[in-house]
Amino acid sequence: MDALILSRLQFAITTVYHFLFVPVTLGLSIFVALLETWYVNSGSYEERIKLKKLVKFFGTIFLINFAMGVVTGIVQEFHFGMNWSEYARFMGDIFGAPLALEALTAFFIESTFIGLWIFGWDKLSEKLHCLCIWIVAFGSNLSAFWILVANSFMQHPVGYAIEDGRAVMTDFVALVTNPYVFGEYSHAFFAGITTGGFLVIVVSAWKIATDDSVSREMFVRTLRRAVLYTFVGLLGVMGSGHMHAQYLAEGNPMKLASFEALWETENPAPFAVVADINQEAGRNDFEILIPKMFTFMVHNSFEGEVKGINDLQREAQEKYGSGYYIPNDVRGMFWSFRIMIGSGGLMLLIVFATGFLVFFKRSQIREHLCCLKLMPLLLPLPFIANSVGWYIAEAGRQPWIVVGLQKTAVAVSPNLSANEVWLTLIGFTAIYLFLAVLAVFAAVMFIRRTHITEEEN
Amino acid sequence: MDLNIIWFILITVLFTGFFILEGFDYGVGMMMLGRPKNERAQFVRAIGPVWDGNEVWMITAGGATFAAFPHVYATMFSTFYLALFLMLLALIMRGVAFELRGQFKAADWVNFWDFGIMFGSFVPALLWGVAVTNLLRGVAIDFQMHYVGTFLDLLNPCALAGGIFFVMLFAFHGTNFLLIKIADEGLLHELRDKSFKLGIATLFCYVLFAAAAAHDTDILAKLSTVIFLGLSIAALIASCAGVKSGCGCKAFASSTLAIAFLTIGFFNALFPRIMVSSLSPEWSLDIYNAASTPHTLLLMTGAALVFVPIVLCYQFWSYRVFKARVTPQDVSYH
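Chains as they are written, first to last, in numbering that gives the first Met the number 0: chain A, 0 to 456; chain B, 0 to 333.
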């Protein structure tokens, strides 16, 4: 393997790892802020003690996750220069701006106010303290916005010109209002709400099953709120995902056709439930189809053309010259999409079932403790959905690093040897695995030993 | 004054802020070496609320370099590939350590993460010293702005002297920060003693580094640089005097000034270059051939002029909230 493929692998591994923590930060920060707002506005003395403990409980889980997210994020910022120097040269005039704005407007407030929040319990007024976590939540979600502005340009360049062989910014407003940003950001935001909410559901369910009396009662209350919160997240993620896919028919039809494995342009186009994809031959060797369904998903009607991969390849060749412009892992994209939808659907069912239990059968919760105790087994669902979702987004961009402007193959740093990248790839992977084990261990032990009580301590 | 010069100044400001702020928390991290558990907890508590915000100065300096001088970002980060990899490993350990060290009381657990903080503070301090010295000394950059040397070329004696100097300077600066943050008189007494010795050692390393740099680079070519470097030495001496007189505030303020003058002097020596090519002066990266377009520079100037003052305001406020000295009781529940 050469430095190019190793650099791609390294970026893929470190990004996916980083994005295990990011959605939790996005969603859990808001949830903790809501919890603290509830605490600040609550009445009786006993109630306040319990709620404060609850805020600190989920706050600690948030902080462990936040630390992992921060340190893995620095790696990503450095990567663009370390492994992708030719990309940085070509794109710096455009890509650097949102990255610098992310640091200036988001990272600074996140990092400063998280310090105030952690250590400020006795130094700030209650309301000011609560405001700090809201600012952290705002900063986290703003940082996601800036990085997705940068990523959206790579998927769908706007507001630029090519001068002296590099892309230069001509219209910053166009960059920020790129229609791609809207779909990508809203999808990521609601994925964050879903992931954060689902984590609270799982933790609360487990605590209900293993704790008793006051502690159990408090976690029933967080579970109720988390069910609603996750439900909102899931609705948002489905709505924004659907909208974004419809937009892709215009904005990046090759990506859309690839994750649906539609090889030929059809009107109306069927939806493939399963397919045995033969990328070399440019067709599916076997497929189970729902007639007209793909057209309906794209056009909201059973009439309308959807472009196929082979036709888009011909169009691309006319536009960019000869070459292979089809993402080289159509099979992976196709199944990733189905795994993402499947995970989302499963989460929705779980949210309904749990919601039914805590809202309508609350008195019978004790009879279902063994089910609740098993809920942690479901925790991977949102993380799987997030990871394969990004796989579709980025694999679907290939062979381009910036669609239509620069190919991935020419973006890698020319001075790197395969050995150097092997070393860093193994190094990052090893330390990430090591820290994941320790962080999860610390979080699980914390969750186990912490109980919500009425005593002040 | 054109936008490229303004951005050179802004990058200087960001790196100055980074070295001053992260300098003391790297220093505090390094000073944990060999201290008992209870004292380490006080050290961590002293920088706990602010280290993350300080680290963002580095991230912003990196991001701003990317936005304003993309070729510098591209060449610098790919040139220092393995060095930055080591730095990232160190920063990863360090960042996670601050959060996880308090999760269990077991001595092995705490010791492990505290080692992570020490290692994670020492390595970046050393590598930044090596890196900035190499910027000025010159690395093998060809006509296409690509690095054609090896990793070992970066570890030349002059750069290593720069690295050791940075380690000593930050350790001294960090100890001075502790002088204004620690409440325990017995510990303070010991730290004053340490700080003075570190200050003298830092001055010694400064002389060694300056001699190596004068031999290898054109750092003394401009009178203005000589003045800035002279001021930083004067500030270091004042800082030592502050330590001796028992005034932590004076010591810390002076070491802050010393780092500021040093960074300014260093960038002044570089100007208008940002990365020197050791192969040909024509191949050096400067504020014109490495820059973004005026459009992007103007946009980023506006953003910097609005947001940097805002950042300074709330970071200043955060330091005020945590201005009280750290007592041993503050960390008893950690």
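Any given hint might turn out to be false.
Okay, the calculated bits of chain A under chain B, using three or more residues with CB under 8 Å as the criterion [stated by the list, open to error]:
1) 31-37
2) 57-68
3) 101-107
Calculated from the structure, these hints are not laboratory results. Here the structure is a predicted model, which is why all the values come from computation and not from measurement. Just so it is clear, CB atoms sit at the ideal spot from N, CA and C, and this is done for glycine as well.
Taking the hints in turn, this is what the structure says about them:
no., hint, in the structure
1, 31-37, "violated (count 0)"
2, 57-68, "holds (count 5)"
3, 101-107, "holds (count 6)"
The structure is inconsistent with hint 1 alone, although it conforms to all the rest.
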